[in-house]
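S.K.: Chains as they are written, first to last, in the working numbering: chain A, 1 to 443; chain B, 1 to 255.
No lab work stands behind these hints: they were computed from the structure. Do not rely on the hints blindly, as some may be mistaken.
[What the hints assert, rightly or not] Taking beta-carbon pairs under 8 Å as the criterion, some of the chain A residues facing chain B (in silico): (1) Gly-39; (2) Ser-43; (3) Gly-243; (4) Thr-305; (5) Glu-319; (6) Arg-323; (7) Ser-324; (8) Ile-326.
[Said to hold, decoys possible] Below, simulated BS3-like cross-link-like pairs (lysine-lysine); rule was C-alpha separation at most 27 Å, straight line: (9) B:Lys-27 to A:Lys-327; (10) B:Lys-248 to A:Lys-327; (11) B:Lys-165 to A:Lys-306.
[Said to hold, decoys possible] One-sided and incomplete, this derived list gives chain B residues near chain A with beta-carbon spacing under 7 Å: (12) Leu-68; (13) Pro-79; (14) Cys-97; (15) Leu-108; (16) Glu-111; (17) Arg-122; (18) Ser-141; (19) Arg-143.
Bear in mind that the values here come from a model prediction, so they are computed numbers and not experimental data. Where is the CB? At the ideal position from N, CA and C, for every residue including glycine.
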Amino acid sequence: MSATPTPESTSAEPGGRVERSVTESTGIVPTATDLIASGVEGSVRDQARGYLQRVRNGDMGALPAIAGFVVLFVLFSLLSPYFLTERNFANLLTQAATLVTLGMALTFVILLGEIDLSAGVTAGVTMAIFVVLADPGTFALPWPLALAAALLAGVAIGTFIGFFVSRVGIPSFVVTLGLFLGFQGLQLIIIGDGGLYRIQIPEILAIQNGTMPVWAGWVLLGLVLVVSLLSSLLDRRRRARAGVPNRTIALMWIRLAAIAVVGGIIVAVLSVNRGGAFAAIEGVPIVVPFVLAILFLGTFVLDRTKYGRWLYAIGGNAEAARRSGIKVVNIRWIAFVICSTLAVMAGLFSASKVGSVDAAFGRDIVLSGVAAAVVGGVSLFGGRGRLAHAAVGALVISVITNGLGLLNLPGGVNYLVTGGVLILAATVDAVSRLRAGGSLMRT
Amino acid sequence: MAEPTPGTPLVELIDVHKGFGPVSVLKGVSLTVYPGKVTALVGDNGAGKSTLIKGLAGVQPYDSGQVLVDGRRVDLHGPREAAALGIEVVYQDLALCDNLDIVQNMFLGREETSWGTFDEGRMEREASETLRSLSVRTVKSVRQKVSSLSGGQRQTVAIARSVLKKARLVILDEPTAALGVAQTEQVLALVRRLAEQGVGVLLISHNLADVFAVADDIAVLYLGQMVAQIPAADTDRDDVVAYITGSKSPEGEAA
Ligand SMILES: Nc1ncnc2c1ncn2[C@@H]1O[C@H](COP(=O)(O)OP(=O)(O)OP(=O)(O)O)[C@@H](O)[C@H]1O
Ligand SMILES: [Mg+2]
């Protein structure tokens, strides 16, 4: 599809249409058959070939991360007898939930070529606010109110960062590094020196420690399939109505089948009793539908709304976006608000998992979040990447943490490996960018 | 075509001034652009060409002077106002996003939606039709990322973007500056085709061969002043060079 076109190639196009010859001065009146190809034409085989071509040109997306995940998964299965158990699998998912959410949060600003180093401490400070407000010994607010306050604090923090980055023009690295330091102090003040708040709210603890009934897991999978199917069909209908070609429908079925198989295996594994004989634990962890909802909603915004498209445009070329009449300042600003707000959700999942919040809560996690996004294929240079990429990247990082933890290695090894993977992923990012640049030079 | 162009001008600038602090860049410039004609704007580096068109684009408003569109006075204070009047600019440094595809670039900032979500089919079709109506033949797929296009193809996309929404005046700032021979040919043919479709074209170029190949009128800016606006057929290369370098001025011929 992306082979270099020769200046006057008027041969048959992939769709099999032959171009009419046109004289120099008369523009042709376009008809349906005169449309330029859109890369969706051809059989499954043609599409697969086009995809391979794009991958070879450096547009790899989450492919390296998926491969890495599979390799690590197999490796740890061989190395540890505990890795491939239902219990550990569920544990892996709940461990990953925080990082997946944080990675998705950070993706919104990384797509702009920005960074939020304070995302972790934002989770920390807002959770500190949450536990202090909800704690029976202090304010004893009803937990929904306390949670609303925490989310509002997240919005406020994002607004604050967005103001300084987008309006004042300070590099996001500097602003958020300042907050990274400052919020650790704030958190210490809120929690108290050496303090620790235990979470006693059953609803909050249930997010990470409770499971849905087994049937609900299957319903969730069905829901994912139905939403996926309906959105595909809707897209196809719109395209058909506009008179432009659709991808062969076989591809849609293949995709749905893949989701059904992978999702089916996951739900089936999670439906097995992984507790003891006395207390049965089975079903999909409650956190899973929450994370999926964020993934779906965020992807919807990024792929199908003006806000999302403009975010990518600014990440690609901010000046071009400005000249197109896009209000660059506002779009940037909102991205930081989204990031901080989702960081609160990541903090909530983490607090639910750990069961308590102390003064150091959330301090170390932000770099893992950045690593998750980058490992998954979100470009640090901005403009390239998807939420699903960050999610896959987060799974890779989590599987490393989880697997190494089972091997009884010294604790430092985990950091070493994760850091190595991050540098590797950033290198892949830079190299694939170079390659895309190389094709730009071809004339 | 050799006659002074008749009919109502599409856009008229009357005595516009623009300065940056103490530096006066445009010192009372007047310019007329007709629909269906290519008006070339030439002048040496720093003469004020880019400054002149930035005012028309609403990116950098003039300090004083009048802008008439269809004989009516308008105020241009932002890119959107200019776009609403049908004024579109293709900038010297291309304003395209490498990470987006051709359709996404052409519709950037004015995407078609229904129910708040993109109508990709409609956008793809309109983009395709616009490229076709300009007889663009070198683009393989409208869903190609712009980063995979050659310089000429990018210029083509930028121009197609400008006429997508029924532009009436298209301003091109040195569209062929970075192009090879064949691609320059293509872009110039595209410029002619725009004019044939009734669009007024204002073309900035340093290449006089290009200018004489496509322009109906030639306007020369010298140190912030319009020293000549003459039909291309009534003048020649040497004449224009003399105006550009200042060795010939409007009042006293051959100063
Ligand atoms: N924002 C600005 N601030 C101060 N001076 C400016 C600004 N923009 C342009 N100028 C000055 O105005 C003069 C005209 O610049 P302009 O870019 O319009 O020239 P030009 O005719 O487009 O030149 P070129 O052919 O090199 O593109 C130059 O002397 C330039 O230094
Ligand atoms: Mg210029």
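S.K.: Decide, hint by hint, whether the structure agrees.
M.R.: Each hint tested on the structure:
Given the 8 Å rule on beta carbons, the hint for Gly-39 of chain A holds: about 4 Å separates it from the nearest Cβ of chain B. With its C-beta approaching chain B no nearer than about 16 Å, Ser-43 of chain A sits outside the 8 Å limit, and its interface hint is violated. Using the Cβ-Cβ criterion of 8 Å, the hint placing Gly-243 of chain A at the interface with chain B is satisfied: the shortest such distance is roughly 6 Å. Satisfaction of the interface hint for Thr-305 of chain A is found here, the shortest Cβ-Cβ separation to chain B being roughly 6 Å, below the 8 Å cut-off.
The beta carbon of Glu-319 of chain A comes within 7 Å of a beta carbon in chain B, closer than 8 Å, and the hint placing it at the interface holds. Look at Arg-323 of chain A: its Cβ gets to within about 5 Å of chain B, closer than 8 Å, so that hint holds up. The beta carbon of Ser-324 of chain A is positioned within 8 Å of a beta carbon in chain B (closest approach about 3 Å), and the interface hint is therefore held. Interface hint status for Ile-326 of chain A: upheld, as the beta-carbon distance to the closest one in chain B is roughly 5 Å, under 8 Å.
At roughly 32 Å between alpha-carbon atoms, Lys-27 of chain B and Lys-327 of chain A are farther apart than 27 Å, so this suggested pair is violated. For the proposed pair Lys-248 of chain B and Lys-327 of chain A, the alpha carbon gap of about 45 Å is over 27 Å, so the pair is violated. Distance check on the hinted pair: Lys-165 of chain B and Lys-306 of chain A sit about 18 Å apart at the alpha-carbon level, within 27 Å; holds. With its C-beta approaching chain A no nearer than about 23 Å, Leu-68 of chain B sits outside the 7 Å limit, and its interface hint is violated.
Against a cut-off of 7 Å between C-beta atoms, the interface hint on Pro-79 of chain B holds, since the closest Cβ of chain A lies about 5 Å away. Annotation: Cys-97 of chain B was flagged as interfacial toward chain A, and the flag holds, the nearest CB pair being 4 Å apart, inside 7 Å. Against a cut-off of 7 Å between C-beta atoms, the interface hint on Leu-108 of chain B holds, since the closest Cβ of chain A lies about 4 Å away. Among the interface hints, the one on Glu-111 of chain B holds; its C-beta lies about 6 Å from the nearest C-beta in chain A, closer than the 7 Å criterion.
For Arg-122 of chain B, the interface hint holds, the least distance from its beta-carbon to any beta-carbon of chain A being 5 Å, beneath 7 Å. At a threshold of 7 Å, the smallest CB-CB gap from Ser-141 of chain B to chain A is about 4 Å, leaving the interface hint in force. At a threshold of 7 Å, the smallest CB-CB gap from Arg-143 of chain B to chain A is about 4 Å, leaving the interface hint in force.
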